[in-house]
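Spelled out, the chains give:
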Amino acid sequence: MARAATDVPQTPQRAGFGRRVATALIRRREASILLVLVGLVVYFSLRTDAFFGTDNARVIAEFSAPIAIIAAGQVMLLICGEIDLSVGMVYAFSSWIFYFGVTDWGLPIWLAVIVGLLSGSAVGLVNGIITVGVGVPSFITTLGMAYVLNGLTLNISGAFPVETPGGETFFRIFGGSPYTTVYWALGVIVVMTILLTRTRWGLHTVATGGNLLGASESGVNIRKVKIGNFVLCSTLGALAGILESVRIDTIQALQGGFPVMFYAVAAAVIGGTSLFGGSGTIIGAALGVGVLAVLNLGFTLQGISAYTFDLVLGIAIIASMALNVTLERIRQSGRLGSSA
Amino acid sequence: MSERATPQPEQTAVTAADAIRVESISKSFGVVQALEDVSLHVRPGEVLGLIGDNGAGKSTLVKILTGFHKPDAGKIFVFGEEVQLKSVTHARSLGIDTVFQDLALVPGMTVYHNMFLNREVTRGIGPFRFLSNRVMKKRSLEYLDDIGVRVPSIDAEVARMSGGQRQAIAIARSTHSDAKILLLDEPLAAMGAREGALIIELIEELRNRSDVSMIVIAHNYVHVLEMCDRVNLLRNGRIMLDKRTDETSVEELTEIVAREYRQAPQATTDG
Chain A
1 MARAATDVPQ TPQRAGFGRR VATALIRRRE ASILLVLVGL VVYFSLRTDA FFGTDNARVI
61 AEFSAPIAII AAGQVMLLIC GEIDLSVGMV YAFSSWIFYF GVTDWGLPIW LAVIVGLLSG
121 SAVGLVNGII TVGVGVPSFI TTLGMAYVLN GLTLNISGAF PVETPGGETF FRIFGGSPYT
181 TVYWALGVIV VMTILLTRTR WGLHTVATGG NLLGASESGV NIRKVKIGNF VLCSTLGALA
241 GILESVRIDT IQALQGGFPV MFYAVAAAVI GGTSLFGGSG TIIGAALGVG VLAVLNLGFT
301 LQGISAYTFD LVLGIAIIAS MALNVTLERI RQSGRLGSSA
Chain B
341 MSERATPQPE QTAVTAADAI RVESISKSFG VVQALEDVSL HVRPGEVLGL IGDNGAGKST
401 LVKILTGFHK PDAGKIFVFG EEVQLKSVTH ARSLGIDTVF QDLALVPGMT VYHNMFLNRE
461 VTRGIGPFRF LSNRVMKKRS LEYLDDIGVR VPSIDAEVAR MSGGQRQAIA IARSTHSDAK
521 ILLLDEPLAA MGAREGALII ELIEELRNRS DVSMIVIAHN YVHVLEMCDR VNLLRNGRIM
581 LDKRTDETSV EELTEIVARE YRQAPQATTD G
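Just so you know, the protein sequences line up as chains A and B, in that order. Going by the numbering used here, the first sequence opens with residue 1, and the numbers climb by one from there. Going by the numbering used here, the second sequence opens with residue 341, and the numbers climb by one from there.
Honestly, the hints are just simulated from the structure, not real lab data. Misleading hints may appear alongside valid ones.
Lysine-lysine pairs mimicking BS3-like chemistry, simulated, CA-CA at most 30 Å apart [as the list claims (entries may be wrong)]: (1) 477(B) with 583(B); (2) 477(B) with 410(B); (3) 520(B) with 410(B); (4) 415(B) with 426(B); (5) 410(B) with 478(B); (6) 410(B) with 224(A); (7) 477(B) with 224(A); (8) 224(A) with 403(B); (9) 583(B) with 224(A); (10) 583(B) with 478(B); (11) 410(B) with 426(B); (12) 426(B) with 224(A).
Excised from the complex, chain A in its bound form (with noise of 0.2 Å):
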């Protein structure tokens, strides 16, 4: 049989190890991300002397489970091309569902979890109709629902905090035992890497991000991947909430909010998420989130204000795009070597 064979013959691999780290720390963000994380701590136990004692480790830990929790979903939905900014408001949302779920309408208190949960789901259907199916940009039907659910939390919470409903065993269960919600992140982590790297699902919002019209020429669903992980999204959003609310046993109108969402943006941005879509990691969003804690808590015992935490994380983020889009660059020019 004939033989058309098409073009440039195999590059021997002859790269040196230093070459060989560059090509592995650009092709695998994580990396190069792990690495800034174990040098932050590194540095910062250095500097002061509470940063190892076990409280800090919790401290770091519990603040960051619900926003890699969030980060998780946003990646999500940064990867097919879209983005959440009503994410931090189903936090505190659903919450308050999941309140009236136990106290107004009696439900028992799992199957008012599971309807808090749901409703966070309804406002990511609403959040990906109006996004795909009327055309509307995702930046702006969230802000807009963004606003939306903050007024009808505080309109139905009247503006009150109250205290978590719930017995003793789901406290312990769902998120308030010491590090609960760290496992709960834990379990989301693995679950959504699963989901994005190991599944149809996945792959087809990698697809969908990385080339909507090749994607959707290939059949792939491109409507119900963005719709899919706007639900996604808010739903783990809600999951958030509700084990956050259990967790400090209040529930307040005000929780989450913006700064949650945004500090889960940020994550997901330092950790290798690409804002144009078709590429990032659950992971490296986890280690983006680890980063931000680490930051905060060493910045907290060294006694620097928090406007100067904005200010790093600010630096932060524009940095870590900037480094995003030059990796790329160099990589889709092909001068490193082809594997890792």
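With chain A held as given, fit chain B onto it using these hints.
Structure of chain B alone, referenced to chain A:
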């Protein structure tokens, strides 16, 4: 060559044997009449070249045959059976596959994931199904090797491939997935001479296997005569010429096209 061409009554023998047959297809977008009463057919294993100007309706025709657009009027037969193409997936299930001009490859994904996009091999139970990357890698490698396409690495992202390699991957993806009718939308566009030659070789390789019918859209008459068994000229939404490539020449095609232009000035307003 055609185990699918079941014996038919004498009168319809030819039509029933066609891999794809289009009868009087029309399509307009608003006031623009993209296709008007277009009929064509491709026999099993045949390679049909479709030539015509930009805006002649070639891409519209391809998109209809792929299930992307629905025709306003007309019929489509696939192996003798009338079909209403509902979607890309539906067309594909009938054995019609398309290599679009943009190739529909995802640059940030690996070669083998692109090869299996939306046809992923999975294993698992019920809703818990996971990608069988090993199987997809192995099959992609085997198949690319089988039709003589070489890529630097099956694990590499498509972003790192040259234009020719991408085109070859896109073609291989389609034929690999049991496509019986392959539509190639300008496979040689934006490609250097050397890469173009390799793609022509690949198309000839597939043609020699004669189990896949192809419609190739192209601009270059030399390429068309080289690659195709028959050529159709589309102009202003109509088929103006239907000839076997061994009964015509570049000179004749050029002459006919030039005459068409003289006879029918630009911008007819049938629509």
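Would you list, in rising numerical order, the hints stated earlier that this structure does not obey?
Numbers 1, 2, 5, 9, 10 - these are the hints that the structure violates, sorted from lowest upward.
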